[in-house]
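K.L.:
Sequence:
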Amino acid sequence: MKKNPVFRWADPDKKFMVWDLEPNEVFSEEYAYYKLDMENFNFQQIDERRKLFVRENIKKFLDSCGIKISADEFITLFNLQCYIHMMWPDHAANRPYRRETFQQSHRGKDNPMWLSEAFNKYKIAACIECSLLAQLYLQHCGIESRICCGNTFFSQNPKIEFGGDAHAYLVVMLGGKQYIYDPANPMLDTRGVPSVPRIMSYAKISFKDRRGFRDLLNMSVADGGGFAYLETSDIYNVGSCWLYGFESDDIDNHVWRRRSADGIKRQTPDQQGPQQIYGQGGRKM
13 MKKNPVFRWA DPDKKFMVWD LEPNEVFSEE YAYYKLDMEN FNFQQIDERR KLFVRENIKK
73 FLDSCGIKIS ADEFITLFNL QCYIHMMWPD HAANRPYRRE TFQQSHRGKD NPMWLSEAFN
133 KYKIAACIEC SLLAQLYLQH CGIESRICCG NTFFSQNPKI EFGGDAHAYL VVMLGGKQYI
193 YDPANPMLDT RGVPSVPRIM SYAKISFKDR RGFRDLLNMS VADGGGFAYL ETSDIYNVGS
253 CWLYGFESDD IDNHVWRRRS ADGIKRQTPD QQGPQQIYGQ GGRKM
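All the letters of the sequence shown, read from the start, carry residue numbers 13 to 297 under my numbering.
Please note: incorrect hints may appear among the correct ones.
30 angstroms max Cα-Cα, derived DSS-like pairs, lysine-lysine [claimed, not checked]: (1) K15 x K47; (2) K71 x K189; (3) K133 x K26; (4) K15 x K189.
Honestly, the hints are just simulated from the structure, not real lab data.
Please construct the entire structure, taking both the sequences and the accompanying hints into account.
P.N.:
Encoded structure:
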């Protein structure tokens, strides 16, 4: 496992990026310690489900949305998202009690919890647990990705200056470009049911601002780092607009945004995802 703090002087157990996970090593985040028991996740079974997707129809769907991602890469993420919903539809049911679960089960540094237990036994698998599973599977598939343990703005209030929700997500390389993949928050259909993977793009942001984001990540709080967010929009053009990034815990400053200090123009939060995906694997879930 490779782990880098996001900001210099930042607590690496709160704000970091991680990649190159290894089977059975222990991942830690604050009080949570997980043993990455890959043998208890049947990746071969997930691979087998790819045949449920009709590649030609998936390609037509991507072309109709103007999405410049290969059908094979999209199917990899879509298949994983379908599998998570099929196998663990209530994987986050007990998420509010995660800390108590670790304490009561006497889990910690010397007795880590298996990642599979978070899904199967305790049902405390939310953003970091879904990101760990997704990272492991994408490594298995040869797709470059990194987990980001940072923050996300879910709020509809465009004038909030700081205080985003703690969140974990992935930065993935698809078709030679970077996207944000949020495995814990799939796009929803009209019934509020998971539909397709939430893949978010920041391609509309200028090169200068993307470089500014990267530079902020490498700065200390004293030198002006501490807040770094990117405005993203879903690749399906249904109006989802979120801010993904990082912030330190001890700074009083404005969120860095690509428009103005007064905030960004936010589109109506998405109430639905794409309505038709073709093939059995892409059934309306």
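K.L.:
All hints are to be evaluated individually against the structure, with a verdict given for each.
P.N.:
Taking the hints in turn, this is what the structure says about them:
1. K15 x K47: Status holds; Cα separation ~16 angstroms.
2. K71 x K189: Given that 30 angstroms is the threshold and the Cα spacing comes to 18 angstroms, the pair holds.
3. K133 x K26: 25 angstroms, holds
4. K15 x K189: Distance of about 22 angstroms is within 30 angstroms: holds.
The earlier numbered hints are all upheld by this structure, with none contradicted.
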